[in-house]
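Novice: Chains as they are written, first to last, in my numbering: chain A, 1 to 94; chain B, 1 to 96.
Be aware that a few hints might be false.
[Stated by the list, open to error] With a straight-line Cα cutoff of 30 Å, these simulated DSS-like cross-link-like pairs (lysine-lysine) come out:
1) K43/A to K65/B
2) K26/A to K17/B
3) K50/B to K47/A
4) K65/B to K50/B
5) K51/A to K50/B
6) K51/A to K65/B
7) K17/B to K28/B
8) K47/A to K65/B
9) K54/B to K43/A
[Claimed, not checked] Computed, partial: chain A to chain B, Cβ under 10 Å:
10) S12
11) L16
12) Q27
13) H34
14) W41
15) A56
16) F67
17) I68
18) E79
Please keep in mind that the hints were generated in silico from the structure rather than gathered at the bench. Quick caveat: nothing in here was measured; it's all calculated off a predicted structure. Note that CB positions come from ideal geometry on N, CA and C, so glycine has one too.
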Amino acid sequence: MEASSPTDLSVSDPQLQHFIEVETQKQRFQQLVHQMTELCWEKCMDKPGPKLDSRAETCFVNCVERFIDTSQFILNRLEQTQKSKSAFSESLTD
Amino acid sequence: MAGKFGLDFMAGGGNEKLDPGLVMEQVKVQIAVANAQELLQRMTDKCFRKCIGKPGSSLDNSEQKCIAMCMDRYMDAWNTVSRAYNSRLQRERANM
Numbered sequence: 001m002e003a004s005s006p007t008d009l010s011v012s013d014p015q016l017q018h019f020i021e022v023e024t025q026k027q028r029f030q031q032l033v034h035q036m037t038e039l040c041w042e043k044c045m046d047k048p049g050p051k052l053d054s055r056a057e058t059c060f061v062n063c064v065e066r067f068i069d070t071s072q073f074i075l076n077r078l079e080q081t082q083k084s085k086s087a088f089s090e091s092l093t094d
Numbered sequence: 001m002a003g004k005f006g007l008d009f010m011a012g013g014g015n016e017k018l019d020p021g022l023v024m025e026q027v028k029v030q031i032a033v034a035n036a037q038e039l040l041q042r043m044t045d046k047c048f049r050k051c052i053g054k055p056g057s058s059l060d061n062s063e064q065k066c067i068a069m070c071m072d073r074y075m076d077a078w079n080t081v082s083r084a085y086n087s088r089l090q091r092e093r094a095n096m
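My request is simple: use the sequences and hints to build the entire structure.
Specialist: Shown next as structure tokens:
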């Protein structure tokens, strides 16, 4: 009896593998847009009007940029503090 | 046996090979549905907060108008954020 069932999606299939990678990437993007829209709405939106005025629009754009800056800042600083921490603990255990 | 988007493929016994094209299409549809649901859920949350003060016994006219405008503004915001994020990603890639 064959081991593979009708529902066995072999991930060694390069076409499916590529598809999964592309869709995963797309979903990461979508999720962040959802998250940032929610956050930036709180910061940039007062009372919903008949259209998005230019001040609010600018605020949203800035908000996205600053959110990504924040994310990068946190990663960089974390990396630095990890490095200095491990150097410190290494010198202790020598 | 094959329904829309091959939804019945699990019902097939035997050794039929899955059409990867069909599977991919079905997955794309499911992803799109999930994203729409996510958008709706967050939009409902935000517009409820903005438009409904003390909850009455029904949605009055001003509340309904507010919700309608809020929906459109939320979509505008979502699109603005999407564009801005995309631009930022392009810029990051260009700098690498």
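Novice: Hint by hint, note whether the structure agrees.
Specialist: Hints, one by one, checked against the model:
1. K43/A to K65/B: It holds: about 22 Å lies between the C-alpha atoms, which stays within 30 Å.
2. K26/A to K17/B: The hint holds at about 27 Å.
3. K50/B to K47/A: Status holds; Cα separation ~7 Å.
4. K65/B to K50/B: Answer holds: K65/B to K50/B is near 12 Å, not above 30 Å.
5. K51/A to K50/B: holds (15 Å)
6. K51/A to K65/B: holds (13 Å)
7. K17/B to K28/B: Answer holds: K17/B to K28/B is near 20 Å, not above 30 Å.
8. K47/A to K65/B: holds (12 Å)
9. K54/B to K43/A: It holds: about 23 Å lies between the C-alpha atoms, which stays within 30 Å.
10. S12: violated (12 Å)
11. L16: This hint holds: L16/A lies near chain B, its Cβ roughly 6 Å from the closest one there, short of 10 Å.
12. Q27: At 7 Å from the nearest chain B Cβ, Q27/A passes the 10 Å test, so the hint holds.
13. H34: holds (5 Å)
14. W41: holds (6 Å)
15. A56: Status holds, d = 8 Å.
16. F67: Because about 9 Å separates F67/A from the closest Cβ in chain B, which is inside the 10 Å limit, the hint holds.
17. I68: Given a least distance of 6 Å, the restraint on I68/A holds.
18. E79: Not OK, violated: E79/A not within 10 Å of chain B, min 17 Å.
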